[in-house]
Each structure stands twice: as C-alpha cells, then as structure tokens.
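Can you make the complete structure from the sequences, with help from the hints?
Spelled out from the first residue to the last, the chains are:
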Amino acid sequence: MYKGYRGRTKGRLIECGVKVWSDVEVRTGHGSFVGIILPRSETADDYHLVLKLRNGYNIGIDIDTIQSINEVGYREGKYKIPEREFPRDARKGNVTLLGTGGTIASRLDYRTGAVIPAFTPGELYGAVPELADIANLTTIKLYGVFSENMGPEQWKGTAEAIGREVAKGADGIVIGHGTDTMHHTAAILSFMVQNTPVPIVMVGSQRSSDRPSSDAAMNLICSTTTAAKSDIAEVMVCMFGGTSEEYCLLHRGTRVRKMHSSYRSTFRTIGDVPLCMVSPKWGFRPLRDDYKRRRKDRDILIDAKFDDRVAIVYYYPNMKPDMIDSLVDRGYRGIVIAGTGLGHVNKPLYPSIIRAKEEGIAMYMTVQTLWGYVQMFVYDTGRDLMDAGIVPAANMLPEVAYMKLGWALGHTENLDEIRKLMLTPVAGETTEREPHNGYLILQGGIPEVEEFIAHRMH
Amino acid sequence: MDDRWMSDADFARLGFKCGLEIHHQIRTEQKLFCRCPAILRRDAPHARVLRHMRPTMSELGVYDGTALMEFKTRKNVTYQLYRDTVCTYEFDDTPPFPVNQEAVDIGIHVAMMLNCSIVDELHVSRKQYLDGSIPTGFQRTMIIGVGGHIPYRDRQVGIIQLGLEEDACRQVSNRGHDITFKTDRLSIPLVEVVTQPDIRHPREVPEVANAIGRLLRSTGLVRRGDGSVRQDVNVSITGGTRVEIKGVPKLGWMEALTRTEALRQKALLDLREELLRRGVDKDSFKGDITDCSSVFRSTACEFIMKALEAGGKVLGVRLEKFKGILSAPTQPGRNFASELAGRVRVIACIEYDPVNLLHSDEPPRLGLTEEEMRRAIRACKAGPEDAVVLVWGNMQDVTTAAQEVCIRALELTAGIPNETRQPFPDGTTDFERILPGPDRMYPDTDSPPYVITGERLERIRRQLREPPREREERYHRMGIPGPVAFQLAIDQRAVLFDRLVKELDIPPVFAAAALVEKMKALERRYKPVDQLSDEQLYEVFRACRDGRITREGVGAVLAGLSERPGPVDMRIREVEGQKPDRRTLEAMVRGAAQKARTDLPEGRRRFQAAMGTLMHDLRGRVAGAEVADMVKAALGR
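If you read the sequences in order, they're chains A and B.
Mapping to my numbering: the first sequence position 112 is 112, numbers consecutive.
Mapping to my numbering: the second sequence position 117 is 575, numbers consecutive.
Hints listed in this document are in silico derivations from the structure and should not be mistaken for laboratory results.
Accuracy of the hints is not assured; some may be wrong.
SDA-like mimics (lysine to any residue), calculated; alpha carbons at most 25 Å apart, straight line [claimed, not checked]:
1. A:281 <-> B:852
2. A:281 <-> B:635
3. B:533 <-> A:284
4. A:281 <-> B:534
5. B:533 <-> A:23
6. B:640 <-> B:685
7. B:708 <-> B:681
8. B:585 <-> A:23
9. B:585 <-> A:207
Non-contacting residues of chain B with respect to chain A, defined by C-beta distances greater than 10 Å in every case (computed) [what the hints assert, rightly or not]:
10. 499
11. 503
12. 968
Keep in mind the model is a prediction, meaning the values are calculated, not measured.
Built from N, CA and C at the ideal position, the CB exists for glycine as well.
Here you go:
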C-alpha cells in the first residue's frame, strides 16, 4: 500500500488517508499538483512524494511543503504482460529457451517504470512476433537472478536442464542470461555440456528491451534462428556484432568475453575469429569451418561438477604475499593467476607460491593482457614460477581458466590428473595457434580506420 | 476555402482553442546528459551507425498508435557521428551521465520568470519517439516548474509547465525506407514552455509566441540564431481534437496555419455529418481491398506501369458510400483525398510526385484512362454511391497503404484524428504522424531523482531579471525611443545598460543607442560583437564618463574592438591619443572656416561645409558640439 515509502512520508500518507496509486490533488506552499501517487524507490530519501502528473511526467514533492492531499480517485498499475498463443508449425524446429534471469524481452510498466519480463512463449510472441517464423518455442524458467548472482548451483542446474531438453528432442537450446557474466557461464557450460548434438546459444541484451532501440529483439531472433537452423553444435554466445543493427556474431563459449561496459557489440572473440555471422535478413555467414557439426543422435554428455574453492588472483605490481597466503589459509584448492606480460608476478610472492605448492594447491598462469599466450621460458621469472609449481595455461582466458579449474577440481584432487584435464582442450579453450586476424583492436585516428568507420561503424 | 466570413465572434462560436509548445535551446557549454560540447556541425560526418526502432506495447496489450505507425514504416535509421563532439552517449551505447546542473539552473531561472511552481525533486522521464530522431527511441526530459502564467495584453496566458529536455537529431534525408539523422544537435539542452489552450483567435497566436520568446531571450540564457527555437502549435475546435502543428519556423506563419487548421477540422466534422446522413458510422463503415493489377497491364500511367514492372501491385480500396467525399475540400487546394495521401506517404513510405494515389472522385489523370478507372471500379465491385482509391507500389508497402486508406477513412466517421501535422508557408498542413498520448512517458530508470534545495532557489531568484514588459515600460519612461526600448528590453546588454545609467550616470538615450543600434551596425560589419564582454564595454563607457573620449569616441572604440580584438585600454588610447591639442584644433577650425568663406556665399551652408570637413577628420576624437561652437565663433556668428 505504501510501496517504497518510509518514515515521515509514509506517516503523512496515512494521515491524509491516501496510498500508492491514489489519484490525488496535493496542495503545497508553492502551488497545487494533480496526479497519481507512484511507488518510491526504496533507496531514495524518505521526504519526497512521487507524483505522476496528468501529462505523464513524474515529479517529487517535498513532504514538508505539503499542506493537504485530497484523494480524487484510484488507479492501480497493472503488471500483466499480454500473451498471444505461440503458433506451432510441424515443419519448424523445436527450440527450448531456458531462462536464468536476464530480461531478454520485457516491457515496461508505464506508470512505475518497473520492467516486466516477457518470458512465456505467448509473451515473447507478443513482444517479438518474428520468432514464430523461426521455430516452435518452449520456455522453461530455471532461475530469476541477476547474472552476477549466477553460481555453481545455477551452472549445474542449467547444464542438467540442457541435458534433459536435448534428450527430449530439442533441435536447439537458447539460454537467456544477463550479459555481465554471460561469458563465465558460457565457459562453464562448455565443460559441463559435452558432445552436444545441437546448438546451445546464450543470449542477452545490453539495452533493456523496453527501449525502442533495444538490441534484445535482434539478439533473440538471431539466437533462435541459430538454435533452430545452424549446423554448429557447440556452446555459443549470440550478441550484436557491431553497434549498428545489422548482424549478430556467434562466439565460441570458451573464447568470448564482455569487453565494454555498455556497448551493444560488447562481446568479442579473443585471440581468434568468431564462428559465424547471423542476420535476420541474410541468415548465416560462417567465418570458419572447424566447428562441431549438428547431429541427429542424442548422445549428449552432461558432466556437471564444480568445486568452488578456486580463485582468480589478478596480479598487480607490489602485490603482497599475504594475498596468496590468505587463499591457502582459507582452504582454497585452486588459484588462477592473471599475470603481467607473458605470465609473471613479483619475487616477494615466491615463498607464498612455494608454500601453496606444498599444500597441494593447483596453480595456473594466464595473462591479463587477454590476447596472447603465457610463455614462461623467456625470462628467469617464468622459469622460477614454473619451478614453484605454477602451470602455464597457454592462451586460456583467465575467467575460462577459473571455470575449468573449478570443473577439474570437481572431478579430482590429484594434481597430475587436474593438469591433464586442464591442458587437454575440451571446447577450444586453448588453441594451438593465434591467427593474424585474432587480435584486431582497430585504433581510431588512423586514416585507414577512420575511412573504414566513415562508411558504417562496427 | 473562403474564410472571410470568420469574424472574431465566429471563431468564438467555433470554439477555437490554441496553445503553444515553445522549445528554446539554452546556452550551456556542454550537453544535457553527456560532456560533449553543445555545438552544431557543418562538415562531413566521421562515422555512421545503423539502427531500427521497435515499439513497446502499451498496458492494454496493443501498440500505441504512434508506435505502431512508426513500426509499420520499417525505417532504416542511419546516424551520422562526429568523433570530437558526439560520444557514445548520443548513439545510445553509454548510459546517461549526471544531468548538467548549469542547464538545471537555467531551467529553474526560466520557470521562475514564467511564475511557475518549482518542483522539489526532478524526475527524469523518457518520452518515446520512434521516428528515429533520437537513437535511444526516447527523449530524456524532466519537469522543472508547473502552473505559471505570463501577461498578455490585458489578461494572462496560463503556463502548464516548463520542461528541460535534450534536443533531438537533425534530419538529413528521408526517402522511402531510409532516414538519416545528424547527431550533433542531439542532447543540446532546451527548455520547453507549454501554455494552456488560452489563445482564442488565430491573430493572437504569434503575439503570444512572441511574448514568450521575448521573455526567454530577456534572460540572456537562451541560444540565438537559426534553429534555436522551435514552436509547436496545438489547435482544436468544439467537437474536434487537439492537433499539433509541429515545428512552425516563423511567427508569421502562425495565424494562417491556425486559421486553416480550425477550418480543416470544421470541414472534416461536416464530412462526418454527411456520412452519418448517408448512414455511415464506425460500425457500418465498409472499406475493402481488391487487387486491380490486371486492369493496368497495358496502362499509360507511368507510375503504375513502373510499379507493376518492378513486380508490385495496384490495389483498389472501395469505400462504401464515400462518393464525393474524397474531393470535398478540407484546406485551400487540398481535399479529403490529400488526408489519405499523407498517410500513404508517411506510413507506407510510398512517395510519388505529384501523387501517390488516384481516386474515383476526380477525373482520370497522369495517363490513367476513364476506361481503366471504370474497370477498376468494376473489379472492386463498387456501386454508384461508393468511392474507389487506387494505390500502387511493392507488395508489402502497397498493402500497408491500402490498409492505411481504410483506417483513415474509418477515422472520418469518428471525427478528427489526433495528429501531428507538418506546416507549409501557405498556411496549409499535411499529416506527419499520429499524436502520441501521455502513455509514451515513462521514468528513466538510468537517472536518479535530483533534489532542488531551497538555497539553490534563493540563489537563482537573486539573479532574476526584470521581465521584459516592465523593463520596456521603464525604458520608455527614461525617454528611450520605442523601437530601441523594445529591443533593449530583451537585449543581452540590458543589465549592462542599467549599470551604465546607474553607476556611471551615462545618459540613457545615448547608452541605449550605443548598445542597441551601434552594436547592431558593428555586427553587420564585423560579425562577432558577442565576444565583447560587458566588463569591456563598461570600461569604454567609463572612459567616456571620465572625459578621456567623446561620445563619438565610444563608437570609434567599439568599432576598433570589433575589428581588431585586443585590450580595451589600448583601443581607448588609440582614440584618446588622436585628440588634437587646442592649438592644432584651433588652426584646423580656422583653416576650414577660411575655405568655407571663400567657397560659399551663404552663412548657413558655410557652417555645414566647415563642419563636414572637420568632423570627417575629428569624429570620435573631439565632441561634435565642441567643434560646432568653435566653427560658429570662427565664422563670426
């Protein structure tokens, strides 16, 4: 009844006999305002009343200036998203959309600003009717968490759900996920779900779908198209390829990373080229051929194990040894280091690293440059670190190494077996070579680059 | 259409009501929600981004009218970018930065001038625009004040609200399904003044707009120049609906536009009456669509032929019992068919010059034969009381077009659709888009609310200037001539003027002439007089008060400063240094008097000639009155 209102303001509302959704006339020391009382954000202060005026604008009124509030009506906001029955067509592929909490499609409640997720096939059909032209859609809501709150329980649950759906005959899986940790989940699913006969496509949006300029619709259309029709049977991320709304990119789940806090084209394949371009207009344009193909069988392997006693240590100059010590003391079983350059940390850390080795902790080196390989033979520092028990993890991305080490530790505590698991690629997490076009961060200002983006920005 | 019969009383009887929305860019260094410089570009863009807009659904599970319309148009929207003045905020790849507080101050200032109540807490809202003019699909906007008024003649015009919002992009081109915008103007802060529909006669519209414009300019806080002001005019009559005439570029257009709009609404209401007489209302309305392509296989009509050759279609829309309605005039030179054509152009993106549709209420033209029209009418199974509209184009667009014709025809049975209309210089308007309602407003979840403190209000209140009307009257009382007082009342230099009169005791008429007329003349000659600060000008006038330079010298120093910007004192010294000493001056006067006496027989003309020669050399260096006295003495008068 008093959503979000606390303290003095709530008292005042009770006093005046009005509540949230009351249509009121508020008299203040500096004029009168007519509108509907809206819920207030719980983090906001407790001495302003939020009113939606007749013209649709919201304003806040200082509670101390209010002389009277007179209720003239009541209009409660409705939160129901309209549903339309999703048409089914036997000739189209069956795609299961698993929801983890990110709002891929949603609409906004005009009065409160609350985002209402669209999730059931009917709701999605209402929001993105093009989906019906692509596949028969089934949806399963697994979780309702922001992506930063995804953890081992959700990863395992998602992997198992994929297994069930593929076994039931799904032609492809789409996983709706918040974008912040989408690449973490893509990595762990790449290890937990092996030998998939169908595409497994993760998707989200950088601009919420209540916005007319949202990237959600094209991301959803492209990911559903991929799940239903692509012949790539891998765990992938499908998001805007450039900031222009022209195509999405399919990234291999172990090589993808969110690289910008807000751009639509935030997901990039690191150290390689993406798998494929996909567009609602012209379909698929594969960028490489070395992917696993779609199969008719259902021989999917779900290996959902995870030991969460793993940490990433992002090395910085002057790091103190107690950073390592504290992990050892707290019983961690694995440490992924994101080292400088080719994979280095400073000398004062050595004793702590040696102690960790003696405690039987699995330690792997990755590079915080993200692009490039760990190479620990070039300098003495590297050799010393390897002697101290740190294993170079080639060009595995730090987050991917974290996921893989947790997954490996879920299988065994034997360091040799872990080493074997870690260094045997499962889903392209390490590659044997980096092509010359795997590292392209075009720099603005250079005439050729400016000419390239003058035509259209990517 | 003849509106000579429309007296004031007739407009009152018609229930003419008009309100204004005046958008005025304000003078800030930076944009409203990012830190880009607020400047416009003329050079070629550095990069382009392509986007599409998708409507969000209303609470009732249907698309909002405007949203649906914009979605039907399926536009490819291209944004032109500039690397140094447009950032990732403008093209919606970065969330908003905290609102520009300088702009909020100006908004509060303007709201106070409009006698509005200032809100205690600002809430940023999103106003949906799916036409592509804003890359996010919505404009960030907030209300600063509500419930104000301004004086107009002997009454007041109510102010509904004063909003602060980001400006939209500038449209570069719009052809078929491709629309291009320049992003430089996007997010430049502007204030929006919305009046009550208190204007009762078309004649009053430009006057009220002008009064508001003057009030805004008088603050010295708004931008000047082309495109800094945009005015929307809302018109309705009894039984009609609010129709918005968008972006009226000149005050001079307003009277004719509002007059014509009132009469258009009247004409449409009359047509509805006529339809009701024929038994056509919203339930009995019938409009059906037939593919008539086969009729035109060998047509001489070039447009239709091209459309068919490109694999398109010709659709006939039968509007039952609409005969004669399509050719009924609604505006000078326009009829109801023009209303349909506007929708087809905007919503189906079908544009042909001169027409994008043909109908049975007009004689066949553009190569269409009577026989073809007869066969089309037969194909549509249209009876003698029906009308048939022909539209052509590619499959998808022509279907949209035919449906849109039905929709607009059906709307006639209800009255006047809520529309935004585009103005033309001749006073007529054409359909631009469906007018969105309050449902397109929703909170900006990216921005926090901002509390406006009492201290802030006090600080701004102390800076408020006298309103232009009062100011103008005061200047009149000082003896300043009408046009100069009118201009000075809203001039940027008005505050300086008051200081000059009060602090330096400069004669008001002289100061006003120098600040208004002299500056205007200099601007025409040298352009940038804006760069002269009030403090610099103050110094020039002080030099005059101190006797260092003459009144004419003030003009000379100002010209010097405009021509060659530099330290004020240097320019003063140049003029001051030119003042000849007494003996030189006397010698010059003697020489000129002598020459005049020799050349001319008559006393008065001798005086004029001597003055002319002398002032040519001495203007600005010696006061004219002083020279005149010396010449008179030398001529022995």
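Each hint, compared with the structure:
no., hint, result
1, A:281 <-> B:852, "18 Å, holds"
2, A:281 <-> B:635, "15 Å, holds"
3, B:533 <-> A:284, "23 Å, holds"
4, A:281 <-> B:534, "13 Å, holds"
5, B:533 <-> A:23, "39 Å, violated"
6, B:640 <-> B:685, "14 Å, holds"
7, B:708 <-> B:681, "17 Å, holds"
8, B:585 <-> A:23, "22 Å, holds"
9, B:585 <-> A:207, "16 Å, holds"
10, 499, "14 Å, holds"
11, 503, "8 Å, violated"
12, 968, "43 Å, holds"
Hint compliance for this structure: hints 5 and 11 are broken, all remaining hints hold.
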